[in-house]
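Listed below, chain by chain, are the residues.
Protein chains: 2
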Amino acid sequence: MRQILGASLGFMCDESFSIQRNIGVVVKKGKITQVGEYQALCREFSDLKHEFFDGCVLLPAFVNAHLHFEFSGNAVSFTYGDFGAWLDSVIANRDVLLGMDTLDKHICDCIDECLRSGVGIVGAVSSYGYDLKMLAQSPLRVVFFNEAIGSNPSAIDTLYRNFCVRLEESQSYASSSFIPAVALHSPYSLHHIFAKRVVEIARGLDSPMSVHFLESIYEREWLENASGYFYKFFTQIFQLPNPKPFYTITNFLEFFSDIKNAIFVHCLQARDKELEFLKQNTFSIVTCPRSNRLLCNDYLDLQNPNLPNVALGTDGKSSNNNLNMLEELRTALFGYKSNDLESLAKKLLLFATSNGAKALDIQSGEIKVGKNADLALFHIPELSSLHNPSQIPLHFILQAKSAHRVYIDGIRVL
Amino acid sequence: MRQILGASLGFMCDESFSIQRNIGVVVKKGKITQVGEYQALCREFSDLKHEFFDGCVLLPAFVNAHLHFEFSGNAVSFTYGDFGAWLDSVIANRDVLLGMDTLDKHICDCIDECLRSGVGIVGAVSSYGYDLKMLAQSPLRVVFFNEAIGSNPSAIDTLYRNFCVRLEESQSYASSSFIPAVALHSPYSLHHIFAKRVVEIARGLDSPMSVHFLESIYEREWLENASGYFYKFFTQIFQLPNPKPFYTITNFLEFFSDIKNAIFVHCLQARDKELEFLKQNTFSIVTCPRSNRLLCNDYLDLQNPNLPNVALGTDGKSSNNNLNMLEELRTALFGYKSNDLESLAKKLLLFATSNGAKALDIQSGEIKVGKNADLALFHIPELSSLHNPSQIPLHFILQAKSAHRVYIDGIRVL
Chain A
1 MRQILGASLG FMCDESFSIQ RNIGVVVKKG KITQVGEYQA LCREFSDLKH
51 EFFDGCVLLP AFVNAHLHFE FSGNAVSFTY GDFGAWLDSV IANRDVLLGM
101 DTLDKHICDC IDECLRSGVG IVGAVSSYGY DLKMLAQSPL RVVFFNEAIG
151 SNPSAIDTLY RNFCVRLEES QSYASSSFIP AVALHSPYSL HHIFAKRVVE
201 IARGLDSPMS VHFLESIYER EWLENASGYF YKFFTQIFQL PNPKPFYTIT
251 NFLEFFSDIK NAIFVHCLQA RDKELEFLKQ NTFSIVTCPR SNRLLCNDYL
301 DLQNPNLPNV ALGTDGKSSN NNLNMLEELR TALFGYKSND LESLAKKLLL
351 FATSNGAKAL DIQSGEIKVG KNADLALFHI PELSSLHNPS QIPLHFILQA
401 KSAHRVYIDG IRVL
Chain B
1001 MRQILGASLG FMCDESFSIQ RNIGVVVKKG KITQVGEYQA LCREFSDLKH
1051 EFFDGCVLLP AFVNAHLHFE FSGNAVSFTY GDFGAWLDSV IANRDVLLGM
1101 DTLDKHICDC IDECLRSGVG IVGAVSSYGY DLKMLAQSPL RVVFFNEAIG
1151 SNPSAIDTLY RNFCVRLEES QSYASSSFIP AVALHSPYSL HHIFAKRVVE
1201 IARGLDSPMS VHFLESIYER EWLENASGYF YKFFTQIFQL PNPKPFYTIT
1251 NFLEFFSDIK NAIFVHCLQA RDKELEFLKQ NTFSIVTCPR SNRLLCNDYL
1301 DLQNPNLPNV ALGTDGKSSN NNLNMLEELR TALFGYKSND LESLAKKLLL
1351 FATSNGAKAL DIQSGEIKVG KNADLALFHI PELSSLHNPS QIPLHFILQA
1401 KSAHRVYIDG IRVL
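Chains as they are written, first to last, in the working numbering: chain A, 1 to 414; chain B, 1001 to 1414.
Hints in this document: simulated from the structure, not taken from any laboratory.
Some hints here could point you the wrong way.
To be verified - In silico DSS-like links for lysine-lysine, alpha-carbon gap of 27 Å or less:
1. A:Lys31 to A:Lys49
2. A:Lys273 to A:Lys244
3. B:Lys1347 to A:Lys337
4. B:Lys1133 to B:Lys1031
5. B:Lys1244 to B:Lys1196
6. B:Lys1049 to B:Lys1031
7. B:Lys1273 to A:Lys337
8. A:Lys337 to B:Lys1401
9. B:Lys1337 to A:Lys273
10. A:Lys105 to B:Lys1401
11. B:Lys1337 to A:Lys337
12. A:Lys260 to A:Lys273
Starting from the given sequences, assemble the full structure and let the hints guide the process.
So, in structure tokens, the structure goes:
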């Protein structure tokens, strides 16, 4: 479908966060083919269907770069305030973790919640494949990370076979809006033989690889000293007599040395050496502020000059109160209390658009010729007449309540 | 009306944050006359109308202890990120400050927003009296702070007369749910002669006095050194040739030495000496986290042992994105990233209930015999079956979306 979409304000989501008034975007075959002033484009392409959204902001659909749809029923299931207490509560309540009888309903609600908050693209980590069909059939553009997890050497073959079956099944749904990929759960939870096999598969795929990395102080302590919470975790819960980490931090990172694109989720405890490795390899971090506060009482230091590309995610409902991307943005604005507000607002919006698309290796996330027409519209008429235009991004985050429209490949999905 | 209200969970909002399951509350003539187990109370008072709210939390209606309804149309009017830039933008846009043609509509929406977020009681600062009638006729219980502001010596008599007219008019509406009171705007904005007269009036009233106090570093710098932002403010904007502060901080506090009850709003820059003065006099601080972050990039240090009673407010829309008390609570939970989550959640809920009532000198804010039946109900069925009951207050803040019912004096107002 060819059309022109227009709006009072356009957030281009380029590096300098340009804002264009009376923006017009020509969409052909799902791509942005021209960007300019709406009326001028309407004159130039007078045969095209065109629609102007007065009082609206047009911007790239948000990218929620890390979440778990399979835990969509678990918003009130677990203990918050300490990563160890949280993981203990997850293990103790494995029976409620999935809640199979209502899982489809919960996943459906969460897909809807994503769309309503302006999200068009997700990096969805799937531990079991239970979310596969719903996500493949959803209007979202999905990078579907089949996750490998398991540390018991005697179970590796079974786990690996199961992983391969899930991956293959997801590949049967592959399309331009459903991209099968693989994820390693984390260095503390994945046997090195299993990890090695999965990484070999990842090398053959064209999609990014995802991993939870250095989320908690306990993980760092375990990998560096084989002690602390995880020592107790493996001895007491998994009854291992003398558990040892499978990797040093450096060893683990070596897995990624010839991976084209990888996203490291959380990284709260990553130090400059690790961050530099990510940056040199043009990998990305996905930061999930609410999840990080609820589990680890901390946020990623956004002022560290060694940060690589940073994207934003909500994580799953098992570590967040909802999947609303607007609330994630607002929480970050207030969570990073000392960061300059205006520049933080722009930075966060880039995390949630162009940086997210870059992390997931998707040609979206910017209003730019050649990009996918993955777009969102928000009706906030006050923004157009703001006395201080440099605060438009800030007031957008403060005021945006729900998306007015979401388009994927130029097709309206909300 | 006599009735029994029951709910699956009751937050008593006593100091130890007791939670009672299957709570029942007997309400007579607007007061709580008995608290116990719902079924037992129904048996004991079998003639009373009774209603049980399954899956609900019953708690005292929230107290929004500081807000400005007159700025209800100004959510997107001003510059955020620095107190000076904000005040400059307020002065530069005085014409939009009130927006008289739509003010009533905005105030009406804001009263509704308060109720929907479970607020039953407000400490409303009124600079002009434009919100008087709407608040007097609203279902909210209101402490109505007629505010004195003005530093120009030649205008004092006029300002004082205007203040007295406003106060008198508000007194004509006085009732148990509408309590006229007075407020000093702040030490930087109020001539000492004007302040002195207002304080004399306050001594004769039975209601608390309110004041914005040490909100910004600029205010402290001005009061201590007669320099900085406010020096520029008075010389450039008010064209005063050699401006001087009207008080030292100590001088200003002396006004309050024989005031029975006073609330000091913000206090971000208050030091231990000032906090101790407040504590010794059993005064209160009202903290407004979102406003504080947006204007001053900081939060009140809740771990300071010298803090007096602390209540919670949203401030007006001129320094917040909305007046939703639940969002204020959630923002604080994430804003204070290092504070222990469980105890912070309880603390914040007490700020918003019993501490707020104490600050405003209202016999509400607790589920306790003798208190006003100012109550709120929230439908969050997952809370009753939480695996870790000590996290009920935390998950309440995370999950509460809007009040199911609000009662003032036992009468349903939402």
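Hints and how they fare:
1. A:Lys31 to A:Lys49: holds (15 Å)
2. A:Lys273 to A:Lys244: Within the cut-off at roughly 23 Å; holds.
3. B:Lys1347 to A:Lys337: Roughly 20 Å between the alpha carbons, so the hint for B:Lys1347 and A:Lys337 holds.
4. B:Lys1133 to B:Lys1031: Between B:Lys1133 and B:Lys1031 the Cα gap is close to 26 Å, so the pair holds against 27 Å.
5. B:Lys1244 to B:Lys1196: Given that 27 Å is the threshold and the Cα spacing comes to 18 Å, the pair holds.
6. B:Lys1049 to B:Lys1031: Answer holds: B:Lys1049 to B:Lys1031 is near 15 Å, not above 27 Å.
7. B:Lys1273 to A:Lys337: OK: B:Lys1273 and A:Lys337 at ~25 Å, within 27 Å.
8. A:Lys337 to B:Lys1401: holds (24 Å)
9. B:Lys1337 to A:Lys273: With Cα atoms ~25 Å apart, B:Lys1337 and A:Lys273 stay inside 27 Å; holds.
10. A:Lys105 to B:Lys1401: holds (20 Å)
11. B:Lys1337 to A:Lys337: With Cα atoms ~10 Å apart, B:Lys1337 and A:Lys337 stay inside 27 Å; holds.
12. A:Lys260 to A:Lys273: Since the Cα atoms of A:Lys260 and A:Lys273 sit roughly 20 Å apart, the hinted pair holds (cutoff 27 Å).
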